[in-house]
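Engineer: Construct all of the structure, not just a fragment, from the sequences and the given hints.
The chain contents come next:
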Amino acid sequence: MSGAVSTSTEDVGFAKLSRLQIAWRAAEMIPDGSFVNLGIGIPTLAANVMPEGKEIVLHSENGILGVGPGPAEADRDRDLINASKDYVTLQPGGSFFVHSDAFAMIRGGHLDLALLGAFQVAGNGDLANWTTGDRRFPPGVGGAMDLAAGAKAIWVLTDHVTKKGEPKIVEKCSLPLTAPGVVKRIFTDLAVIDVTGNGLVVREMVPGLTLERLQEMTEPSLALADDWKELSVA
Amino acid sequence: MSGAVSTSTEDVGFAKLSRLQIAWRAAEMIPDGSFVNLGIGIPTLAANVMPEGKEIVLHSENGILGVGPGPAEADRDRDLINASKDYVTLQPGGSFFVHSDAFAMIRGGHLDLALLGAFQVAGNGDLANWTTGDRRFPPGVGGAMDLAAGAKAIWVLTDHVTKKGEPKIVEKCSLPLTAPGVVKRIFTDLAVIDVTGNGLVVREMVPGLTLERLQEMTEPSLALADDWKELSVA
Amino acid sequence: MPIDKIVPDVAAAVAGVKDGDTIMISGFGFAGVPNDLIHGVLDAGARDLTIISNNAGTGTEGLAALIGSGRVTRIICSYPRSKGSDLFDARYAAGEIDLELVPQGTLSERMRAAGAGVAGFYTPTGVGTDLADGKEVRRFDGRDYVLELPLRADIALVQAYRADRWGNLTYRKAARNFGPVMAMAADLTVVQVREVVPLGEMDPETIVTPSIFVDRVVHIDNDREWDI
Amino acid sequence: MPIDKIVPDVAAAVAGVKDGDTIMISGFGFAGVPNDLIHGVLDAGARDLTIISNNAGTGTEGLAALIGSGRVTRIICSYPRSKGSDLFDARYAAGEIDLELVPQGTLSERMRAAGAGVAGFYTPTGVGTDLADGKEVRRFDGRDYVLELPLRADIALVQAYRADRWGNLTYRKAARNFGPVMAMAADLTVVQVREVVPLGEMDPETIVTPSIFVDRVVHIDNDREWDI
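Residue numbers (this note's numbering), protein chains in the order written: chain A, 1 to 234; chain B, 235 to 468; chain C, 469 to 696; chain D, 697 to 924.
Calculated from the structure, these hints are not laboratory results.
Keep in mind the model is a prediction, meaning the values are calculated, not measured.
Hints may contain errors.
Computed cross-link-like contacts, BS3-like style, restricted to lysine-lysine with a CA-CA straight-line distance of at most 27 Å [to be verified]:
#1 Lys473/C x Lys386/B
#2 Lys779/D x Lys398/B
#3 Lys406/B x Lys831/D
#4 Lys184/A x Lys54/A
#5 Lys486/C x Lys386/B
#6 Lys172/A x Lys152/A
#7 Lys831/D x Lys603/C
#8 Lys603/C x Lys172/A
#9 Lys164/A x Lys551/C
#10 Lys85/A x Lys551/C
#11 Lys184/A x Lys163/A
Structural biologist: Written out as structure tokens, the structure reads:
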């Protein structure tokens, strides 16, 4: 995996991950053989950086199992798009099915994992990712609540702070919830953090970042895992 | 339609229909273009005597639309049987589907008509056709309750009286119900009777039978339709 | 008489659509949207419509055009706002269209329930969120579920790939999406297809929507790219 | 590592079946019954089983043999008694097997509910009958419905026609019946198929049970007629 590392204008001594790098970090951790849904936003990028040597089956809630990477422009098919409405391909072994079956897979607990975006995640795993509460714009929920309620595990992929620099990992979500207490792991542009019964535990941080500095950008208390590692982008 | 007409040993002056003739009479009345389920017993026979010149699509609750007549013995396929577990064929335009979809068609009100057998039918349309209440034998309900609750119309095909000569069309079912108030029309070996808001109305009787004699074999009061006809087997 | 659900044109396909109707429209994003049928409804002039569809239309044609026409007073969907949903956004901002937002899995399951004769079902989706406000919540085996009710329509407009005169349907790739459940859930199911084949030519193992769910089929061989 | 759900033999396919398990068995009449897998369970020696199947077996082999062995203490089905169901009938008459009789549409819908994460649903089937005794009845839009709960199993034994190493399945004709809903409703779904094909050879449009629902596949090319 190669890619440009963006540098922060405010912070020195560490570099934030790009969106694609966040997706890559999460993709690397997906267990071999998993059936996984990729939500809108950063998670969708993971389809293009799936780990080599593993066979992971990607699910799209519009009725696809075995989603492959985006096609060359000449190979685009208007009948073959993912839940983000991006053109995709189908892997050998893939299948198409009706929407209600796509969500039977989700709600019925058949998906091993869903990677979702977030506006806010709380220390207890509460997820808010469907509406900013701005009443000038119509809200859109899509499959977010089904995925949050139904997948065996939920990982969130997000920037660590908002564009205004406010924490997205919060004590309590101020935005309307997608589902309570569902998030198990958070991948940000700065760290990989587990949501545990004993609070948030940092597993990885980007090189040069300190727990103290990360804590300043995070509302709930962070603990550092005994075996924490640098978040290194290969 | 040709077929032997059975003669009663007790009654003179009229002849009972055979089981196949009952099925034929009902089949003749099925509106062109209908989607119809044929229940176990006499109704199943109707598949072999469907009216010519009409296109009627037969549904079987084990996952078939477009059931055709039974095959020649050499053409039997162990994967192609109907709900009565008889070998059948598939008509051009037929389809196979999962059991839950077969019953979505039934329960969801998509079937125009179901032809069912009966142990008892009451004057108000109550149907009892799933258990004789004999506790020595395990009961079996199959799809009877779904069909009775879900098809747009229920016609019953049955002998008029039991082997012991007792009425099967009764004031009130003594046997456990399959569904209350669902039967719209009754085809017996003696008559065709409509279940109406004003009671049972005889539309057809076999030649030589009188309303008085039919009433003796029927518990609820029978009225004769103004335009009643002889039940003639072509 | 042979069953023949093939109708000659779009006008015949949508004949009978009337003011106040609830209309389901298949498609997810730009895949599987029955644009010709939608424009048929627009041409038929019906008003005060309720639309049930996953999205609320983008660009200037198809569902966006119908909404832009002011004939849609209410929409039931999971994800109305997308890049290009300007015509919907404007109506919404002006308070000219009611929005019932439904989680996508609940949306498709409510359609299936309507089609399958199920009067209600309990789903874990939405529990503890604003979208469960006012709904019955009930605990089964230690987990909370929301009661959801079936969703029916007067007419479903569906895009499929291939049909025969009985109305059997196959779809193409991800354009299948809501088509099969909408076809089950409407009083009148109208389908536009790219190919019509003789009866018996479709493999009975591969039919996705069996004939019983379909009322009218219109063949649209035009392959134009809509602004959606 | 490539996903490979193909196991070498019946013993490996049913490995882990244990006393007290609830087992779904596909088939309707003699079509679609996974007889080899059933005999695998019999050979594995598990006892005190609950069987969920439409019928209760006929003849001397397959489900009838399992029931005849005395290892089944309970059966949930719609139609146990058929011509040739003597082994079941005898156990039933002797009070050695519990029977939960479920209307056939409710049986398949309860399986689908389990597979689809639905905690309960309201059906019109059975209202006003003995089979609704003790169940919640609720009125929607002027009609009564019975609340039915999902039906899960520890293991589903399914007969299908063709599979690949991911576990995608197609079925053959009316042998499809309960297979697809049972595959959704069990913790462990085990399938016997007549053909295994390389990944990518199955048409993605025609797969009936997508891979996600399947755990193990065993290839049985023996074509013998069972006494069932």
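Engineer: Confirm or reject each hint.
Structural biologist: Right, here's what the structure says about each hint:
With a CA separation close to 20 Å, the supplied pair lysine 473/C and lysine 386/B stays within the 27 Å bound. Annotation: proposed proximity of lysine 779/D to lysine 398/B holds, straight-line Cα distance about 23 Å (limit 27 Å). Of the supplied pair hints, the one linking lysine 406/B and lysine 831/D holds, its CA atoms being roughly 24 Å apart against a limit of 27 Å. A distance of roughly 22 Å separates the Cα atoms of lysine 184/A and lysine 54/A; the hinted pair therefore holds under the 27 Å criterion.
Restraint check: the Cα-Cα separation between lysine 486/C and lysine 386/B comes to about 25 Å, which is no more than 27 Å; the hinted pair holds. For the suggested pair lysine 172/A and lysine 152/A, the alpha carbons sit about 23 Å apart, so the restraint of at most 27 Å is met. A hinted pair counts as satisfied when its Cα atoms are at most 27 Å apart, and lysine 831/D with lysine 603/C qualifies at roughly 22 Å. Only pairs whose Cα atoms come within 27 Å are accepted, and lysine 603/C paired with lysine 172/A is accepted, the gap being roughly 24 Å.
Proposed proximity of lysine 164/A and lysine 551/C is supported: the alpha carbons are some 23 Å apart, at most 27 Å. Among the hinted pairs, lysine 85/A with lysine 551/C is consistent with the structure: their alpha-carbon atoms are about 10 Å apart, no more than 27 Å. For the proposed pair lysine 184/A and lysine 163/A, the alpha carbon gap of about 24 Å is at most 27 Å, so the pair holds.
Hint check: no violations occur; every hint is consistent with the structure.
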